[in-house]
Every structure is written in structure tokens, then in C-alpha cells.
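From first to last, the protein sequence lines stand for chains H and Z. Okay, so the first sequence: first residue is 1 according to full-length UniProt numbering, each after it adds one. Okay, so the second sequence: first residue is 1 according to full-length UniProt numbering, each after it adds one.
Everything labelled a hint here was simulated from the structure, so no lab data went into it. Keep in mind that a hint or two might mislead.
[Stated by the list, open to error] DSS-like mimics (lysine-lysine), calculated; alpha carbons at most 25 Å apart, straight line:
(1) H:LYS352 <-> Z:LYS80
(2) H:LYS465 <-> Z:LYS163
(3) H:LYS369 <-> Z:LYS285
(4) H:LYS152 <-> H:LYS195
(5) H:LYS364 <-> H:LYS465
(6) H:LYS152 <-> H:LYS58
(7) Z:LYS254 <-> H:LYS152
(8) H:LYS465 <-> H:LYS426
Protein chains: 2
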Amino acid sequence: MSLIRLYDTTLRDGTQAEDVSFLVADKIRIAQKLDELGIHYIEGGWPGSNPKDIAFFKDVKKVSLKQTKIAAFGSTRRAKTTPDKDANIRTLVQAEPDVVTIFGKTWDFHVHEALRISLEENLELIYDSLAYLKQHVAEVIYDAEHFFDGYKANPEYALKTLKAAQDAGADCIVLCDTNGGTLPYELPAILAEVKKAVSTDLGIHTHNDSECAVANSLVAVEHGIVHVQGTMNGFGERCGNANLCSIIPALRLKMGRECVNDAQLKALRSTSRYIYELANLVPNKHQAYVGNSAFAHKGGVHVSAIQRHPETYEHIRPEQVGNVTRVLVSDLSGRSNILAKAEQFSINLDSKDPITQEILENLKEMENKGFQFEGAEASFELLMRRALGTLRQFFSVIGFRVIDSRRHEDEMPLSEATIQVKVGGKIEHTAAEGSGPVNALDNALRKALEKFYPQIREMRLLDYKVRVLPAGKGTASITRVLIESGDKDGRWGTVGVSDNIIDASYQALVDALIYKLVKDLEEKKG
Amino acid sequence: MSLIRLYDTTLRDGTQAEDVSFLVADKIRIAQKLDELGIHYIEGGWPGSNPKDIAFFKDVKKVSLKQTKIAAFGSTRRAKTTPDKDANIRTLVQAEPDVVTIFGKTWDFHVHEALRISLEENLELIYDSLAYLKQHVAEVIYDAEHFFDGYKANPEYALKTLKAAQDAGADCIVLCDTNGGTLPYELPAILAEVKKAVSTDLGIHTHNDSECAVANSLVAVEHGIVHVQGTMNGFGERCGNANLCSIIPALRLKMGRECVNDAQLKALRSTSRYIYELANLVPNKHQAYVGNSAFAHKGGVHVSAIQRHPETYEHIRPEQVGNVTRVLVSDLSGRSNILAKAEQFSINLDSKDPITQEILENLKEMENKGFQFEGAEASFELLMRRALGTLRQFFSVIGFRVIDSRRHEDEMPLSEATIQVKVGGKIEHTAAEGSGPVNALDNALRKALEKFYPQIREMRLLDYKVRVLPAGKGTASITRVLIESGDKDGRWGTVGVSDNIIDASYQALVDALIYKLVKDLEEKKG
């Protein structure tokens, strides 16, 4: 297998994303994770552009990395100076990285419009900068900015810039699709011409503006490129950079290229998550290979097949990238989903048991009413247990009242709830305030029940979503409430549907409490 | 330019996504939007699989569509029966769609393992089903499930299944990458072989499990495919289907193919948003072409260049798809946004007027508090008018009280609101019931105001959304309420933010009412 060198720029190009920024400490932790993952190069930042990046290159020397080389990013020297006098180039050398990567202009239009110098002078910029850096740094990589746009505009000149980089001794020349506008079928012909013009190792750097960044990178590899630049989770400016989380498994599992080993590949999902965490972003559940939904099956047809032969609807084994197969319930699902769920909930359910059909009917009927169990698996588990008659009556709510009032224009509304519950014959009548009627009701419910079930104190309401479902003419609109709750051991979702938002919220709240009690009881049983 | 036929399956394959589920009413609204966008085929559902989909085909006949053909989806007949006796095929015909699309097995492994019949018998299933449907439906499309996996496993048999479909008279044969495992460089050779074997029009249906769905679709078009299936925003099972929001602009702007016209292309972003809204999903800001960040520039180098020559860092002009360039770092961009909005609201605002800066500050401050005006432009317009002092005091709410109560276990909660408003010196004190506190408050407000402003009767609350925003450590979580209202002339969105959901809802309700009064006043002025 031929080796493909992976070059990660999450810490540099990735932080150009609208919502991504890392502390120096985060960048160091990410560098260590990427080293464990088996990434060959980590672009740590642009020391010339900000102090944070300078600090990174100082601090990263204090941690031990197994194999990764740390690269510093910058640009070719400015016009009318020499590399040794160019501030940006000097900071690159002072950062003492293993590798320096500099970008230069390939597109004649940019040379005129952005640099405002002659085409000839730009070739000198590229040559001088690389030749100087080669004397001071072990390895030097050249990023040909806007290569593909430049080549389309003026192929001859674009290739001249690459030759200048080769003559100056660049160890690798990286073809950049800076604007992300290139389509995959355009690459083979262009790459063939490039290989005729230069013999230096070639790399690829793509952006996702056409949703083709991963595809373009893989096509490039298929046509002889040996160095691939990208970011974890595709972080990057505008639509992001090529997503290494999708490129790595394709190279390893589909294209038979050497890059990371099997054990490292198994860490792909956890590494992806780790970086979302440090960036404080919600992971994209539909992300290829590593997303929560990447191997989640909803269609009944699929599910029954999956159980016999995963390869029927899975392009790889999820375990290879540290992910798992999941089965979802919905009105599209069949008996097989129900049985799979029962197994997941460790509920004994025989496929021949007519109750299975019964549950499926309930499910379809409820989904038609507006219920949705995909975010509310706890409610679905309770639905099954009710059907099976294995759910004990922990408590019953006799009645409640919630009052929200604002007496003066400049006053904040106050919400107060009173509630009456019955637990094992005893009636508890109490009241509580809250920020809004649902919160007040939640507080009152807990207050009434904690005395009988103290474990309820461990439980917290984590998220509350309300959706008003468009209703048919004349009829009142339906409200769906999704609640996510959690305790020290986990999180669970419950759902309620009603034409009254308080009733819907009440249903979801009660399910959440009952689920907590069921869960703890099951755990006691072991 | 050669025409590419766009086939949207958001309403069928799209609803296989873990978090996507539409009511019949939503599906009809989406079908109308897609028709306006210029989509040629809309796959409305699988009538054989659930009642919701049967209802869609009944209801969609009641709305008038400009050009779109409605397709019903299903499978080939079961073994050991005839098409006219096959329940699934009969429901397809009974649904009376313009087009029927059925899928059949291509992969020998599936024929043995899933259908458990002989390879020969599977060819009969395909032939019989299509031949029968051709007699009862105007147009019949054949989806060759798992075509690419099937072809790799047994090319000869895979092509035989296509020939069976052609012999039965299929109007189009669609090659499906059902598992999404195919990589773009594999397509050209396979498509060449297919074209040797069959002469029927070919289509492509890809999934995004390798993050190559869009790329594979475009490569297929480049190699002679004339029918492209996908979903809006790439909704779909696991990692989603090919994203039409990325395919359409590439076909139109980069590949010179005819599909939608320029005016329709400009509606791409708003259509994408509309569908996210009905699915109650947060739009992906980094989405190619239509995302908020798709043309957002952060890097200082880029920004200065962009302002002189957009093409330096933008692969297309954002306006072509109804998007805009955003410059993230400079206040300048903020100012120009404000001015652009003012123009949109036909509010006279001078760029030199210091109030512009004032409005920008307010805006930033409110966004920090959790306000978001994306879906609430009416609230933003009122914010501008308040700053400019051009908003008259139509009414003021002195106070209100809402009571939700349920006195017995089997009773539905009842919501009742009392309210005190002041209009032109007069105080109105009244009460109303409602399905939930917000609805009761809404009813009471209208009842109190209708007497003074009868036009309020024309106005309806169309949608109500609640999001709980993640709270900082220790602080109470914040609730954002988005309300969409409408009358005979249009729809408008308003927003409220508070740690009390009733307060947030109250803010959005009041804004909605004020906006209605402003709107009518402006129209009177002409």
C-alpha cells in the first residue's frame, strides 16, 4: 500500500470558521489527540498573524508527540524586500517548527489585483522565499493558492509558479482549491498536466463551497497525489475545508492507501467528538462515518435486512471508525424495529407475540397524532412497558393549577403552580414557583414526589422544545413538547402531544419522572 | 443547453432522516414551494407503507401546481403473485399519481438474502411490475437499488436487471448508490458500460455516507445522466441524500445545464430555509451556496480583496442563489446590513445618520441576550422604527393573569387569561379561554383590542416555536419564542426572549399585533 501523508490544518484554517476559536491550551490538547490519531503533519497556526499562534509554537515543544510534525504557516515575502528582512518569514523561522508551509499566488489576476506586481516578480517572491526557508527549516511545503482557478485562467503561468517552487527546493507542492469552486471531473486532466510540468511530490488542499471538498481530495489521490490537507469535521472558513473524518476512512478502507493504522482509525469518532467539545459546537449527527445518525436505520425494510447482513445497508462496519449501528422507531418502521428496540431496552419480546403488532399499531396511531419518538426514546420504552403491563404505578396526579400574572407594565410575570399527587394511598398537596408555567409545574411535581422518591433530586431538566404542528382547517393546532432530562448516569428524552401546551408539557414531564424511577429500579435489579 | 430533470424526494427519502418528520399539511406546503422552485418531479411518499402518505396523494390533488409531476414510490411485486394482486402495486395505482417510481433488486446477494428467490425470478418481478404499471400510469421510473454495489459484485446480472426494466418500458432507469459507499472516480467506467447495455434515459440517486453524494451526482451528469434525484438540504437516512441545494447551482452556473431558471435559482436559499423551518431544524450555517456562512469572510486578507473583487474569494455571486456576502470582522458590514434592511422595509435611513450606529449597537446587544431576527424580521423592523421614533403608541398592556388548571385525573387542563389594556386613555379589562396559556393570552389580547382595531380579526397565529438557549454556569436558562402570524396579504415573524416563557411569548405576541397595525397604516398611506 502506498503511503498518503495527512496534513491537518484544524488549528489554522479550521479557526477561520465563523464559530470556531481555540485557546492556546485547547490547541495543544488537540495537537496531542491528532498525534494519537496518526496525523503526519499538524499546521499549528500563522505565527506572523497573531500572538496566540506564536505562543502555540512555544508551548507545543513542551509536550511529547509520537510522530506528528508541527508546521507553521505563512506567506511568501513581500515585494521590494529580501526574505531575511521580511517580518513574516522571520517569525516563521523564529517559531522553530519542524516544517514551514508558505502560500504564494498562482492566479495572474491575483498577482495584478491583490499583490499589484508583475507576473515575473511574483515568481521571484516564490523562489526567494522557499530557497531561503530551505536553508533554515528541515522541511518546506508550498501551497499554490487558487491553483485551479489560476490554471483555468492562465495554465502556462500557473505551471510556472509551481516550477519556481520546485526549483527553490520545495519538498511538496500543494494544489489549493481556495475558493472551493472546482468540480471533481475537472481534476484528472489538470493533474495530468501538472505531473508533466513538475516532478516534486504533490498535495491537495480543497474547500467545500461546492460540497465537493472530500470528493476532490479522493479523486486527486486516485490520480497520484500523495499529501492531503484538511481539517477535522471539515471546520473552516465559509463552507469549511476538506473533512479528514471522511477522507481518512475512505483512504484506509476503500482505496487501500496506508495512512493511519486500524487502532487509530477506531479512534476517529472519539477524536471528532473531542474537537467538537473543545470548539463548543454541537456535533453534526448526519456527518459521514462519525455522526450519531451515520449508521442509524429507520426504514423497516432496511432494519430487517441489517440484522441478518449489515453490509446490505452499511457501506463499512461502523466499529471500524468507532461508531455503532442504531435502529430508530417511527411510523416508517416495521415489527423488526420494535423487536430491535425491545432488545436495546432489555425487554423480553417474542417476535411471534401479538403484542408486537399491537405496539406497532399504537406507534403509527400516535405518530399520526403528532408524536415523534426519535428524540424521545424514554417515552417509547414506557409505551412498550405499558403495553406489556410491566410498568408499576409509581404515582398519580390528581390535579394541578398554574397561575402566571403580571400586575404592572414594568413587572416580570410570576408563575406559581399548585399540585395534588397520590402515592401509595397518601395524598400530597403542595405548591412552587418557577420561571414560566412549565418550570413551576416541574418544581411542584418534584417537590410533591421527592419525599417518596428522593432519587428525583438527582435528576435535571436539560432541554425543552416546543413545536406547534400545523392543524387542519377549523381544528385547533396541536403542540408537541420534547423534554430532555438527565442524571449522573445519563440523559433521556420524553414527549407529550396535546392541543394544550401545558397538557403536552405535563405529559412529557411525568414520563421523564416515571422513566427515572423505572431506570433506577431496573439498575437495582441489576 | 441540455435539460437535466430534477427529482426531489425530500417528502419520501428525506423523511427517513432521524430528525425529519412532516405532517401531511407540511408536505403539501413543501410540494407547492418545490413547484415554484422549478423542480420537475416530487416524490410524495410510499402509499403502501403508511396512511400519512396515502392522505398526501389525496390532498395534493386539491392544490394547483405549475409544472411539477407528483410521483408515488413503491417496490416491485412480491414473489408468487401477479402485479394486479400485489397490495403494494395496487395502492400505487389507486393513489393516481402522475408518475410511479418503483425500486427493484440489482445486487445478486440481495436477491438471495433479502428476497430469497432465484436471480431469474427477480428479473420477472422487475419486468412484470413495470409492464403492468405502464398500462395504468402515464410515466414509470425504475430505481435500481444498490446498483453500484450490485455491479461491482456481479456486473453481468446487474445489467440484466436494467435490461428487464428497459424491456418492460420504463421511461427512466435510475442508478442508485443506496449505501452511499461509491467514490466519484469509480463512476465513469461503470456508466460507460451501462450505456453500452441500455438505451433508456438514465438517472442517478446517491447517498452521502462517503460525503460524496453531490460529487457523484455531478460526475454522473458529466457522463450523460439526464435525471438527478436528491433532497433539499440533503435530508435523508443516515448521512442524507444528495443535496439538491448544492446540485442545482452547480448544474446551472458551472455546468451550463438547463434545470431551473434564474429567478427560481434566486429562491434557492429561501426555499432551503422554509423547509428547515417546517422540519423545525436549525439550518446548517456552513451549508454550500445557501448557508449563512457560505459567503462570510473572516480572514483580514480576504476581506480587503473581497471588497475590491468578489471573485477573488467567492466561487459564484451569492445573489444568484439568494444569498449575500457577509464580512464578519468589520462594523462596516453591520452598518451596510442595517441600511440594506431599512431599504427593504422602505424606511428612509441616511448612511451618515448616527442613529444607524445606534441601531447596530441595539442589535448586537439584543443578539447577545439571545434575540435572533432571522425568522423575526417584523420585530427587527419595529426595533428600527422605535429607534427612529416613528412608531406610534397603539396601545399599552397594564397587566394580565393566566390560569391553567386540571382538577381531576381524567380532565383536560383549562387555560384562562385576564388582561387590562389602555388604548387612547380608555382602559379595557377582559378575559378569554384558550388551549394553553399563550393561546389564552393571545385570545384575551385580541378581544381587548379588536374593539379599537377591528382589522386584528383578519390576523392569525400560524406558528409558535420555543427554544431553550443553553445557559451560562449558574444562570437560569433563557427562552426564545418565535411567532409567525399572517393575514390575507402576508406572513410576519416576531420574537421574544426572557427567562420566563410566558414573558417571551407575550413580547412576541405584542410585536405581532403592533406590526399588523403598522403594516395596515403604511398601506393606507399607499
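Each hint, compared with the structure:
1. H:LYS352 <-> Z:LYS80: Between LYS352 (chain H) and LYS80 (chain Z) the Cα gap is close to 24 Å, so the pair holds against 25 Å.
2. H:LYS465 <-> Z:LYS163: The given pair, whose Cα atoms are some 50 Å apart, is violated under the 25 Å limit.
3. H:LYS369 <-> Z:LYS285: Between LYS369 (chain H) and LYS285 (chain Z) the Cα gap is close to 32 Å, so the pair fails against 25 Å, i.e. violated.
4. H:LYS152 <-> H:LYS195: holds, 16 Å
5. H:LYS364 <-> H:LYS465: holds, 22 Å
6. H:LYS152 <-> H:LYS58: violated, 41 Å
7. Z:LYS254 <-> H:LYS152: This hinted pair holds, its Cα atoms lying about 13 Å apart.
8. H:LYS465 <-> H:LYS426: violated, 33 Å
The structure fails to meet hints 2, 3, 6, 8 from the earlier list, while all remaining hints are met.
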